[in-house]
Amino acid sequence: SQKIEQNSEALNIQEGKTATLTCNYTNYSPAYLQWYRQDPGRGPVFLLLIRENEKEKRKERLKVTFDTTLKQSLFHITASQPADSATYLCALDPGGANNLFFGTGTRLTVIP
Amino acid sequence: DAGITQSPRHKVTETGTPVTLRCHQTENHRYMYWYRQDPGHGLRLIHYSYGVKDTDKGEVSDGYSVSRSKTEDFLLTLESATSSQTSVYFCAISESRGEETQYFGPGTRLLVL
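Sequences listed follow chains A and B, in order. Mapping of the first sequence onto the working numbering: position 23 corresponds to residue 23, and the numbering continues sequentially without gaps. Mapping of the second sequence onto the working numbering: position 62 corresponds to residue 174, and the numbering continues sequentially without gaps.
Rather than coming from a laboratory, the hints here were simulated on the basis of the structure. Since the model is a prediction, treat every value here as computed from it, not as a measurement. Every residue gets a Cβ at the ideal spot worked out from N, C-alpha and C, and that includes glycine. Among the hints, a few may not be true.
In silico EDC-like cross-links for lysine to aspartate or glutamate, where the CA-CA straight-line distance does not exceed 16 Å [what the hints assert, rightly or not]:
| # | chain 1 | residue 1 | chain 2 | residue 2 |
| --- | --- | --- | --- | --- |
| 1 | A | K57 | B | E126 |
| 2 | A | K71 | A | E5 |
| 3 | A | K3 | B | E207 |
| 4 | B | K165 | B | E184 |
| 5 | A | K71 | A | E60 |
| 6 | A | K71 | A | D84 |
Computed far set for chain B versus chain A, every beta-carbon distance over 10 Å [to be verified]:
| # | residue |
| --- | --- |
| 7 | T125 |
| 8 | H153 |
| 9 | G154 |
| 10 | S177 |
| 11 | S206 |
| 12 | E211 |
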């Protein structure tokens with residue numbers, strides 16, 4: 001069956017450090033992968049999209065990598081801040097039709 | 113939340129009762145989606161719409177129906193609510209298919225007793 005796994009349910013990190021979140025998938029060959037942020041009691045908010053032919057994508061302090069051989073995406077937040085504390089979700093579209101399948105998310109806490 | 117509202121925001125109902133959740137958008141986006149979010153499962157697609165009166169099933173569609181009579185409104189109906197449908201329901205919209213960002217509403221928290 002198709003599966004998307006985010007490495008840990010929760011991740012605590014000291015302010016100023018780099019947070020690295022992992023998204024692994026099986027039985028997919030996605031054309032692209034998306035990362036979303038979700039705050040408690042709110043809907044997910046889009047952060048970044050990376051295509052299968054892109055190795056890396058950056059946006060301000062965020063960086064995403066996509067390794068289709070390993071079937072893995074890494075999401076990095078550099079110089080993390082307490083305001084970065086949230087749950088981060090990865091999402092795949094197996095068929096390229098924008099029917100997204102989501103991972104269960106990693107709850108990141110940045111400790112001041 | 114990108115011009116998307118959901119109503120009600122919270123609802124408590126009893127098993128066997130019909131329930132309708134409404135999603136309203138002001139972005140004029142063609143595609144609309146209903147997801148449910150449960151601990152340990154993440155977001156799962158229930159149904160989606162690719163235009164007025166055009167809908168299709170998602171991953172977890174059993175027990176749910178949808179309707180879209182206007183571009184701006186997408187209704188999700190639980191014909192006879194069950195406790196397993198206790199969840200947080202999110203509506204999302206996108207301008208087109210393919211590599212399109214989905215914009216999510218604020219969610220509806222539904223408790224079925």
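Which hint numbers does the structure go against, in order from smallest to largest? 1, 3, 5, 6, 8, 9, 11, 12
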